[in-house]
Amino acid sequence: QQKVQQSPESLTVSEGAMASLNCTFSDGTSNNFRWYRQHSAKGLEVLVSIFSDGEKEEGRFTAHLNRANLHVSLHIREPQPSDSAVYLCAVTNAYKVIFGKGTHLHVLP
Amino acid sequence: AQTIHQWPVAEIKAVGSPLSLGCTIKGKSSPNLYWYWQATGGTLQQLFYSITVGQVESVVQLNLSASRPKDDQFILSTEKLLLSHSGFYLCAWSLGTNTGQLYFGEGSKLTVL
Chain A
6 QQKVQQSPES
16 LTVSEGAMAS
26 LNCTFSDGTS
36 NNFRWYRQHS
46 AKGLEVLVSI
56 FSDGEKEEGR
66 FTAHLNRANL
76 HVSLHIREPQ
86 PSDSAVYLCA
96 VTNAYKVIFG
106 KGTHLHVLP
Chain B
31 AQTIHQWPVA
41 EIKAVGSPLS
51 LGCTIKGKSS
61 PNLYWYWQAT
71 GGTLQQLFYS
81 ITVGQVESVV
91 QLNLSASRPK
101 DDQFILSTEK
111 LLLSHSGFYL
121 CAWSLGTNTG
131 QLYFGEGSKL
141 TVL
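Chains A and B are the protein sequences, given in the same order.
Taking this note's numbering, the leading residue of the first sequence gets 6, the next gets one more, and so forth.
Taking this note's numbering, the leading residue of the second sequence gets 31, the next gets one more, and so forth.
What the hints contain is simulated information worked out from the structure, not anything from laboratory work.
A hint or two may mislead.
Below, a list of computed lysine-lysine pairs in the DSS-like style, where the Cα atoms sit at most 30 Å apart [as the list claims (entries may be wrong)]:
1. K43/B to K100/B
2. K61/A to K101/A
3. K106/A to K8/A
4. K8/A to K47/A
5. K58/B to K61/A
6. K101/A to K110/B
7. K56/B to K43/B
8. K8/A to K139/B
9. K47/A to K58/B
10. K58/B to K139/B
11. K43/B to K110/B
12. K139/B to K106/A
13. K101/A to K56/B
14. K106/A to K61/A
15. K47/A to K61/A
16. K100/B to K56/B
17. K43/B to K139/B
18. K47/A to K100/B
19. K106/A to K110/B
20. K100/B to K58/B
21. K106/A to K43/B
22. K47/A to K43/B
23. K56/B to K47/A
24. K47/A to K110/B
25. K61/A to K100/B
26. K100/B to K101/A
27. K101/A to K47/A
28. K8/A to K61/A
29. K101/A to K139/B
30. K110/B to K100/B
31. K101/A to K58/B
Example chain A residues on the side facing chain B (calculated, C-beta under 10 Å, incomplete) [to be verified]:
32. V9
33. E50
34. V51
Bear in mind that the values here come from a model prediction, so they are computed numbers and not experimental data.
For glycine and all other residues, C-beta sits at the position ideal for the given N, C-alpha and C.
Given these sequences and hints, build the entire structure.
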């Protein structure tokens with residue numbers, strides 16, 4: 006059973022400072038990895054998808070995947086207060102998409 | 031453009047009463063469909079997925095059932111609600127044979143008293 010763990014649970018950064026979030030998973034054979042964002046009990050929006058080792062950038066969001074270390078990270082460049090939300094790491098095996106518990110990001114103006 | 035609509039937006043129900051939550055996807059043919067559940071402050075947990083009409087796979091049951099009566103419709107239901115069913119239910123869709131990006135609805139909030 007795939008296990009996905011995220012750290013830190015909560016992160017506070019100042020507007021404009023880089024925010025870095027981490028995600029570890031237990032099964033390295035997973036197909037793909039995504040970072041989603043959720044604003045207070047609403048639907049999720051995808052930020053970046055990554056399928057192979059290395060880096061993938063989507064605007065201000067950059068994901069780094071290292072399958073050997075069972076690790077995927079998300080870096081948010083120049084975060085704004087509107088980026089305050091819960092960030093979820095999702096790991097996919099076939100049609101099963103397993104989410105981490107999330108990191109609560111607070112961006113201070 | 032594709033749209034995903036969930037209903038109801040919110041519901042307050044008594045323990046032991048029946049429940050039906052619905053999800054409709056427009057603008058996409060033969061999507062993969064998913065139900066997720068999230069307890070307050072909890073992890074988003076996959077309940078069911080469906081690749082085609084009439085076929086539903088259970089991931090975690092939680093005394094709930096799901097059906098896909100039409101290509102664009104996914105229903106989550108139970109005959110008797112438990113207190114533990116309270117939470118936020120999200121429907122999602124994706125395309126392709128190898129699960130691609132999930133597109134989520136706005137969710138249904140369920141409170142069981």
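Here's how the hints hold up against the structure:
1. K43/B to K100/B: 26 Å, holds
2. K61/A to K101/A: Given pair K61/A, K101/A holds - Cα atoms ~22 Å apart, limit 30 Å.
3. K106/A to K8/A: The hint holds at about 11 Å.
4. K8/A to K47/A: 24 Å, holds
5. K58/B to K61/A: 27 Å, holds
6. K101/A to K110/B: Given pair K101/A, K110/B holds - Cα atoms ~27 Å apart, limit 30 Å.
7. K56/B to K43/B: 28 Å, holds
8. K8/A to K139/B: 26 Å, holds
9. K47/A to K58/B: OK: K47/A and K58/B at ~22 Å, within 30 Å.
10. K58/B to K139/B: 25 Å, holds
11. K43/B to K110/B: 10 Å, holds
12. K139/B to K106/A: 19 Å, holds
13. K101/A to K56/B: 23 Å, holds
14. K106/A to K61/A: 22 Å, holds
15. K47/A to K61/A: 26 Å, holds
16. K100/B to K56/B: 12 Å, holds
17. K43/B to K139/B: 11 Å, holds
18. K47/A to K100/B: Given pair K47/A, K100/B holds - Cα atoms ~25 Å apart, limit 30 Å.
19. K106/A to K110/B: 28 Å, holds
20. K100/B to K58/B: Holds. K100/B to K58/B sits at ~13 Å (cutoff 30 Å).
21. K106/A to K43/B: Given that 30 Å is the threshold and the Cα spacing comes to 27 Å, the pair holds.
22. K47/A to K43/B: 20 Å, holds
23. K56/B to K47/A: 20 Å, holds
24. K47/A to K110/B: The hint holds at about 26 Å.
25. K61/A to K100/B: With a Cα-Cα distance of about 37 Å, the restraint between K61/A and K100/B is violated, given a limit of 30 Å.
26. K100/B to K101/A: Roughly 22 Å between the alpha carbons, so the hint for K100/B and K101/A holds.
27. K101/A to K47/A: It holds: about 21 Å lies between the C-alpha atoms, which stays within 30 Å.
28. K8/A to K61/A: Roughly 23 Å separates the two Cα atoms, so the pair holds.
29. K101/A to K139/B: This hinted pair holds, its Cα atoms lying about 23 Å apart.
30. K110/B to K100/B: Holds. K110/B to K100/B sits at ~24 Å (cutoff 30 Å).
31. K101/A to K58/B: 21 Å, holds
32. V9: 9 Å, holds
33. E50: 8 Å, holds
34. V51: 5 Å, holds
Violated hints amount to a single one, hint 25; each of the other numbered hints is respected by the structure.
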